[in-house]
Each structure stands twice: as structure tokens, then as C-alpha cells.
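Visitor: Add chain B to chain A, keeping to what the hints say.
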Amino acid sequence: MVLETEQLTKLYPTGGGCFDISLSLGAGETFGLLGPNGAGKSTFIKMLVGLLTPTSGRASILGLPHGSLEARRQVGFLPENFRYHDWMTAAELLEFHGTLHGLSRGEARQRIAQTLVMVGLKGLEKRLVRTFSKGMQQRLGLAVALLPRPRLLFLDEPTSALDPMGRREIREIMQELQDRGMTIFLNSHLLTEVEKVCQKVAVIRNGRIVATGRLEELLGTGRHHEVQLDVGGLAAELLQRIEQIATVLHREDDAAGCSKLRLRVDDRDRLPLLAEAVVQGGGKIYNLSMVQNSLEDLFVELMAGENADA
Amino acid sequence: MQMLKGILVLARFALLEVLRKKVVLVGMLLTCVYLLLFGLGLHYLGANIGVVQRQLAGFGLFSMGFYLATFLTVLIAGFAGVGAISGEIESGTAYALLAEPVSRSQVLLGKYVGYGLMLCAYAAFFFFVLWGLMAWQFGVVLPGPWTVLPLFLLQPLIILALAFWGSTLMSTLANGITIFLLYGIVLVAGMIEQIGGFLQMTGASAAAHAASVMINIGIVSSLVLPVDALYRRAVFVLLSHTGNLLSSLQSLGPFGSVSAPSQAMVVYAWIYLVVCLLLAVRSFKRRDI
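Sequence lines, in order, name chains A and B. When we follow my numbering, the leftmost residue of the first sequence carries the number 1, and every step to the right adds one. When we follow my numbering, the leftmost residue of the second sequence carries the number 1001, and every step to the right adds one.
In isolation and in its complexed conformation, chain A is listed as follows:
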């Protein structure tokens, strides 16, 4: 495992933090920690990179104790609300961070050129950081994180402060890194971002993980599937057969004699049975489709009790 945490907990004296977080992340995976602002996402990531001392629990990065210098050598980190020393030029900033990682001057220069190309800042090496726009600074921050060829990349809300174009650019870079096999841990409250780039997701609410797993599992397993069935010739007997297979949530009949049914089934395997029942019962199927659960649906469902918990 690249990252493994066991009941990792941080309690702040003023309340809040995160509690009993156990997660694991394999090589080459992109993991999204999803939660509203203040849910404890940044606290979790800060413990892993050594900025916060956990109250209890354990964590390891590539088998090394989290926060140790050895572990931090394997890690790249783009903090939320980042700011870099803006009196430096882009190249100086990168060289400084490269030196902290033990890169020689030659290695650092080579990597600076490569990472600036990767983040789309080639040719801006000599510009002062303070003259960069927010989006450019975000990309420069990504270059800082990527400079030492990390085996695990932590991105804390990498696009939250960006406009749609900037978000897309950062997302494209993330997808490129994914293609290269980089292991990425992404903190975000932006559902579409997580949905687009992450294979595994955990949802955090009030400092506790309330759901975790592969994205498709979270959107499927353990939850009911909704099905749209548009059927013609829906007789009472046919409806009875349908109700033996699925729960009818909603029915709407149109003037042409077509009934639009919203059904709920416990298992995807019920769908062929449903089709068979309709055909055998003399009905005509105009549409039979799964209503795709979105991450947003899941998120809203999981966050529904947030106020009650808080």
C-alpha cells in the first residue's frame, strides 16, 4: 500500500478535527476525499504530511512513518490556500524546493524545465511569483509538488479558487499524471472533480468517514437502483407482475396509452426479469433504462444528517 491509515484522529482543543480515519490507497490509484468545507479533509492531509501531530492512530506512507523526513521525501503536496514566497522567480522557488529534497543543482534544473512544461508554464522561469495570476500560481504550486518525482501526490482543494478554465487545466494535468501511474490523494468538495478523476472515494462528514469504496460501488452496491420503464398496454395483471419484481415509485400515463413507471429494484439482475415479465404479459417496452445515481445524489444523501450530527 502506498498510503495506509488506522484510526487516525486529530482532536482540536476548540473542537472539531477528524476521528478514527482508516483508509488505504494502492499504487497508481487516485483517491478522493470528499466532504463539505470544515469536514476535516485538510486536517487529515496535514497530519499525513507532518504539519499536524495526530492525537491518536497510525499512518504510513510506503511503509514509512507518516510525517517522517523519509516519508516526506516520497511525497508531493499542494496545500489549500497555498502561498509561495512571492519575492522569488518561478525558477528560484522550484530550485529552493528541489534543494530541500536533496536534488543537485543540475538535477533541479532538469526537473524544473520538465515540470514547467508539464504545468504549462514553460518560458516563465524568470518571472517573479508575485506577478503570476491565481491560476498560474496554482500550476506553479503543482510544479513544486511534482518536482522531486513524488510517489504519492497530495492535492488539497487544488481547484477551489480557480475559474472554470483553470479548473479544467488542473484536472487535465491530474488526468495526465494518472495516465503516468502517479498515486494521487485528492481533497475536494467539488463533486464533478472527484467523479471525473477518482477511482476510490471516501466521504467525510463532521470529521468521520461515512462512506468509502470504489466510486462505482458507492454509486451502486448497497443502494437501490432506480429504473425508468415506459410501457404500452399496461394491464392490471401486468402491473401486478411488475410489482412482484420491483417497487413502483411513480406512475404517469400519457394520452397515447403509454405508462411511464419509475421503479426501484434491489439488484441490477432484476432488469432482464422485468423485461421478460413485460413481454410475456403482453406489454410493449418503449424504454427500459437505469437511472444513473450521481455522486451528487450520494453526497446529498450522506450529508442529510449533518445538521443533526453537528
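Careful, some of the hints might be misleading.
[Unchecked claim] Computed spacing ranges between beta-carbons, pair by pair: (1) A:Asp-86 with B:Leu-1278: 30 to 36 Å; (2) B:Ala-1121 with A:Lys-196: 52 to 58 Å; (3) A:Pro-13 with B:Lys-1005: 34 to 40 Å.
[Stated by the list, open to error] Cross-link-like lysine-lysine pairs, in silico, DSS-like; alpha carbons within 25 Å at most: (4) B:Lys-1285 with B:Lys-1005; (5) A:Lys-134 with B:Lys-1021; (6) A:Lys-126 with B:Lys-1285; (7) B:Lys-1022 with A:Lys-126; (8) A:Lys-134 with A:Lys-122.
[Claimed, not checked] So the derived list for chain B, only partly shown, Cβ under 10 Å to chain A, looks like this: (9) Phe-1013; (10) Ala-1094; (11) Asp-1288.
Worth flagging that the hints you see were computed from the coordinates, not collected in a lab. This structure is a prediction, so every number in the text was calculated from the model and none was measured. C-beta atoms are modelled at their ideal positions from N, C-alpha and C, and glycine is treated no differently.
Guide: Then chain B, alone, in the frame of chain A:
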């Protein structure tokens, strides 16, 4: 070795920061203006007065200039140090820096070395120009520059160490207020000690108790922050060993030194500096960012 390498990287970074932010340039320009005024003062001093008055005024002007030089270097050290750590945290630059494979002690000590080197260069320049002006304009070679210089440099270094410790515990503003108030209190306490010393010298038995209390106030304040004690010792070495009665008279002024702190106080000051840095490292290591 790895530790030292990290410290040097951060020291270079701190020096570069100071140079880039034009702090040194502005500071040096204003210091040169001050030294020019001081030199002109010495040059035109007592053009129409007698030798005795001229020497008296000359030593007076020097002790005042030396006092102000001390005050300015300490002030700059305070400004440099109060936000050394808290400033990085408040501005958000600490997040990326401290997540790198560099220990917090390397970050703190590296920045201290960088700022310390800058301060030492500045203070040494200040000191030797003052000392040289006295030699040039008055033909008086003040004794013990190599003895006094470490005392002069130690003062900003102590304030810097104390400010670094404070910046691991407090916000930049709170730390700044604490450091400068503490320094102000110690300066006043140091003057009270000098007045006590003067009363003791007069030998008036009625004032003996008051003199003793006033001296003790100074001693206690020197233990809290041994900066004024170092100044008094430095000025004592410079002015009281010239063999010149007039310069000895200057020891009685507000910028002089009636009772020079002992060598033990100098040793205490070095220990104080090291302890401040150790406490700063300890506190920084424990701090959640």
C-alpha cells in the same frame, strides 16, 4: 552533516529574502545618512571651544551615537525576528515549506543563521564606522574594539533569538509588542541601575538603601533580558579605559556605565541566547501548523 546542509540552505534562503526585499538597501542607506550626520557633528564640534570642553562633548556625542547604534541594531533584530516563524504560518508559506523533507529545527536555525549573519554584518559596519570616526576626527583610538565588538553583536543576536522563540508561540503582532515592551522595560531598568550606581558612588549613607534597590532592579532586569547589561559593559570597556579623566566623566551620563556588569553576565548572555534558541526549536517542533 545532513542537518548542517539543511540549515545552510535555509540560511541562504533567509539572506536572499532580506536582500530581495530591499530591507538591507534601505537600512544601509538610512544608516549611512545617520553616520554622515554623526561625522559632521564630530567634525564641527567645538570649533570655537576649548580642548577640554571639546573632548567632553566629543565623548558625549560618541556615547550617544553608540547608544543609538545599539538601539537601532536591536530594533532591526526585533523586526526581523518577530515574524520569522509566525509570519510564514500567517501568510500560508509555511504549509509548502514544512511539508518538505526538512526538519523544523533546520528551518528555524537556518533562518536564524541567515538573519544573524545579516545583522552581524550590519552591526559590525556600524560599530567600526563609529569607532573610526572617533579616531579620525578626535585622534582618540578607543580601546578594545575586538573585545567590544562581540558584546555589540551579541545584543541583536539575543533579541533575534528571543523574537524567534516568541514567533513560535505567538502571532507576529503579539510577539512584536512583547519583545519591544520587554526591551523598553529593560532599558529603563538599566538607567535606574545607573542612577543607583551614581548614588552609591556619592557615598551618601542616607541614599545607600535606595541605591542598593535601584541596582538590584537593574540586575534582575538584566537576568530577564541581558541586552542592556551588554551595552553597559561595552561602553564601560570603550570609555573607561582610555586613561582620560574626561571620558570617565562620560560614564556618569545616561548613555554611560557607572557599574559595569561582570564577565559572568556575558557568559550568562551567551547561555541565554542558546536557551532561547533551544526553546524556540522545542516549541516549533510541537506546534501544529
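Visitor: Each hint: holds or not?
Guide: Hints, one by one, checked against the model:
1. A:Asp-86 with B:Leu-1278: 30 to 36 Å: holds (32 Å)
2. B:Ala-1121 with A:Lys-196: 52 to 58 Å: holds (54 Å)
3. A:Pro-13 with B:Lys-1005: 34 to 40 Å: holds (36 Å)
4. B:Lys-1285 with B:Lys-1005: holds (19 Å)
5. A:Lys-134 with B:Lys-1021: holds (22 Å)
6. A:Lys-126 with B:Lys-1285: violated (34 Å)
7. B:Lys-1022 with A:Lys-126: holds (19 Å)
8. A:Lys-134 with A:Lys-122: holds (17 Å)
9. Phe-1013: holds (6 Å)
10. Ala-1094: holds (8 Å)
11. Asp-1288: Status holds, d = 5 Å.
Of the numbered hints stated above, the single one contradicted by the structure is hint 6.
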